[in-house]
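Asks: Line by line, the protein sequences give chains V and F. Taking the working numbering, the leading residue of the first sequence gets 2, the next gets one more, and so forth. Taking the working numbering, the leading residue of the second sequence gets 10, the next gets one more, and so forth.
Just so you know, these hints were derived from the structure itself, not from any lab. Fair warning: this is a prediction, and the values are worked out from it, not measured in the lab. Be aware that a few hints might be false.
Unchecked claim - Below 16 angstroms or equal to it, Euclidean Cα-Cα: the simulated EDC-like pairs (lysine to aspartate or glutamate) are:
1) V:Lys-3 / V:Glu-48
2) F:Lys-230 / V:Glu-36
3) V:Lys-3 / V:Glu-16
4) V:Lys-3 / V:Glu-57
5) V:Lys-3 / V:Asp-15
6) F:Lys-230 / V:Glu-59
7) F:Lys-230 / V:Glu-40
8) F:Lys-230 / F:Asp-243
9) V:Lys-3 / V:Glu-40
As the list claims (entries may be wrong) - If you want the ones that stay clear, here's a sample from chain F, every Cβ over 10 angstroms from chain V, calculated:
10) Asn-138
11) Glu-151
12) Ala-161
13) Val-200
14) Pro-205
15) Met-208
16) Ala-210
17) His-305
Unchecked claim - To give a feel for the contact side, a few chain F residues facing chain V, derived at Cβ under 10 angstroms:
18) Ala-46
19) Gly-48
20) Thr-136
21) Ile-139
22) Pro-184
23) Ala-245
24) Pro-247
25) Arg-249
26) Ala-250
27) Pro-253
28) Arg-260
29) Arg-342
Note that CB positions come from ideal geometry on N, CA and C, so glycine has one too.
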Amino acid sequence: MKLVLNGREIETGDEITIAELLRDREIDPATVVVERNREVLGAAALETNRLREGDELEVVRFVGGG
Amino acid sequence: MSAVDDRHRRQVAFGPFGSEGQAALAAATVAVVGCGATGGAAAELLTRAGAGRLILIDRDIVALDNLHRQVLFDEEDAREGRPKAVAAGEHLRRVSSAIRLTVEATHLDASNVDRILDNVSIVLDGTDNISTRFLLNDWCFETGVPWVYVGAVGGEGMLLPIVPPRGPCLRCFLPEPPPPGSLATCDTAGVLGPIPTAMGAMAAIEAMKILAGASQPEARKLRTIDFWDWRVRDIALPPRADCPACALGERDFLHDERSTRVIELCGRDTHQILPPPGPRLDLEALADRLDAESDHLLVNRLFLRLDLGAERLTVFADGRALIEGAGNADRARAFYDRYVGT
Ligand SMILES: [Zn+2]
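Please build the complete structure, drawing on both the sequences and the hints.
Replies: Take a look at the structure:
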């Protein structure tokens, strides 16, 4: 199915959770903030919520440096 | 109108800030933790804006590959390897004769944070590492002092103003420090020169709003900017009900660590050796012991420098040392043990 990740359209398997999507992309779900359709999700929701066609995801990783 | 008023009249003319904001800024003590790229830009802008007092804290020395982004320093600072806090103070003194400056050329940690940040009005994050940020977050929630988190790596910057006792805080975002090597650093991802200055400018603005009492809680969002692809995101980070710092009141990072630590500094092959707090080092006595290396030795009131070409050691009187060119943490530690001893 198609969804939008950080402004770019991507193709994923059906019914995957957000945590699965992140791990596929080698992102540790404990180190990011995720917005789904403009709503911030808690850690538990990342493991259980299944993505749907057309979802808009924003995944924000911590920026160190300075 | 006095000369000082004259200097800031264009800023005072901005109504929402006004003379009350200016007075609040003039009465404020701002701690800048890390005087590199983000912190240096914020420090200069707040000096110009009329902050009353600045505490400049930095453990590092100026190097040539800092100059593309660290606006307080020049080639002479890099050639002489000046401590950044010292060089920053000298630069800012030329910008303003009125500002009160306190220079702390040291590593901020649990053992000295209460002394160094005593009586500050606000803390600006100019650090390049996670552990100091977790320390600042705990300290600010313990004392009720606001702080502004800023980060810049690659083509990207991030900012979050944090005003205790209200969340969200840093640990609402990142409950635990990520494992070493898991975050992009200036070493692995590089950094575009102007980006940290842009982020430091935003941090200075947030500090002015907070000090003027004009920072609205609902406007304090996690702001991320991808400067390269130009995407700006504002995320209303909800305070976590189980946040260790702002909800549960844990202060894990204020507890002292008692062992010597080696920390890799962001941006080049430099390691910092951090012995546990103890008596101050006698730099002259150490210079005498290193007499055989005297051709490569420089010692002054602030530090001792041993320059062996490929490797360079700078030891400060508190026992802290910077080792350049060692290649890895173990070799840096070995180099320290060889010349300074533990
Ligand atoms: Zn929190």
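Asks: Could you run down the list of hints and mark each one as holding or not?
Replies: Now the hints, each set against the structure:
In summary, the hint linking Lys-3 of chain V to Glu-48 of chain V is not supported, as the alpha carbons are separated by about 20 angstroms, beyond the 16 angstroms threshold. The straight-line distance between the Cα atoms of Lys-230 of chain F and Glu-36 of chain V is roughly 13 angstroms, inside the 16 angstroms bound, and the hint therefore holds. Restraint check for Lys-3 of chain V and Glu-16 of chain V: satisfied, since their Cα atoms lie roughly 11 angstroms apart, inside the 16 angstroms limit. A hinted pair counts as satisfied when its Cα atoms are at most 16 angstroms apart, and Lys-3 of chain V with Glu-57 of chain V qualifies at roughly 10 angstroms.
At most 16 angstroms may separate the alpha-carbon atoms for a hinted pair to count; Lys-3 of chain V and Asp-15 of chain V meet this at roughly 9 angstroms. Taking the CA atoms of Lys-230 of chain F and Glu-59 of chain V, the gap is near 15 angstroms; set against the 16 angstroms cutoff, the hint holds. Restraint check for Lys-230 of chain F and Glu-40 of chain V: satisfied, since their Cα atoms lie roughly 13 angstroms apart, inside the 16 angstroms limit. For a cut-off of 16 angstroms, the pair hint linking Lys-230 of chain F to Asp-243 of chain F stands: about 6 angstroms separates their Cα positions.
For the proposed pair Lys-3 of chain V and Glu-40 of chain V, the alpha carbon gap of about 19 angstroms is over 16 angstroms, so the pair is violated. Not every CB of chain V is more than 10 angstroms from the CB of Asn-138 of chain F (nearest about 7 angstroms), against its label as outside the interface. Annotated as non-interface, Glu-151 of chain F keeps its C-beta farther than 10 angstroms from every C-beta of chain V; the closest such distance is 22 angstroms. Look at Ala-161 of chain F: its CB is around 5 angstroms from the nearest CB on chain V, not clear of 10 angstroms, so calling it non-interface is violated.
With a minimum CB-CB distance of about 6 angstroms to chain V, Val-200 of chain F fails to clear the 10 angstroms threshold, and the non-interface call is violated. Pro-205 of chain F, annotated as away from the interface, has a beta carbon of chain V within 10 angstroms; the closest lies near 6 angstroms. Consistency note on Met-208 of chain F: stated as away from chain V, yet its beta-carbon is not over 10 angstroms from all of that chain's, at 8 angstroms minimum. Non-interface status of Ala-210 of chain F relative to chain V is upheld: no Cβ of that chain comes within 10 angstroms, the nearest being about 13 angstroms off.
Non-interface call for His-305 of chain F relative to chain V: holds, since the shortest CB-CB distance, roughly 32 angstroms, exceeds 10 angstroms. This hint holds: Ala-46 of chain F has a C-beta 6 angstroms from the nearest C-beta of chain V, less than the 10 angstroms allowed. Interface hint status for Gly-48 of chain F: upheld, as the beta-carbon distance to the closest one in chain V is roughly 7 angstroms, under 10 angstroms. Checking Thr-136 of chain F against chain V by beta carbon gives a least distance of about 6 angstroms; that is within 10 angstroms, so the hint holds.
For the restraint placing Ile-139 of chain F at the interface with chain V, the shortest Cβ-Cβ distance is roughly 6 angstroms, inside the 10 angstroms limit, so the hint holds. Among the interface hints, the one on Pro-184 of chain F holds; its C-beta lies about 7 angstroms from the nearest C-beta in chain V, closer than the 10 angstroms criterion. Annotation: Ala-245 of chain F was flagged as interfacial toward chain V, and the flag holds, the nearest CB pair being 7 angstroms apart, inside 10 angstroms. Taken as an interface hint, Pro-247 of chain F checks out: its beta carbon lies about 6 angstroms from the nearest beta carbon of chain V, inside 10 angstroms.
For Arg-249 of chain F, the shortest C-beta to C-beta distance to chain V is roughly 8 angstroms, which falls under 10 angstroms, so the interface hint holds. Evaluation of the Ala-250 of chain F hint against chain V yields a held restraint, the C-beta minimum of about 9 angstroms falling below 10 angstroms. Violation of the interface hint for Pro-253 of chain F is found here, the shortest Cβ-Cβ separation to chain V being roughly 13 angstroms, above the 10 angstroms cut-off. Proximity of Arg-260 of chain F to chain V is violated relative to the hint, the smallest CB-CB distance being about 21 angstroms (cut-off 10 angstroms).
With a cut of 10 angstroms, the hint placing Arg-342 of chain F at the interface with chain V is violated, because the nearest CB-to-CB distance is about 23 angstroms.
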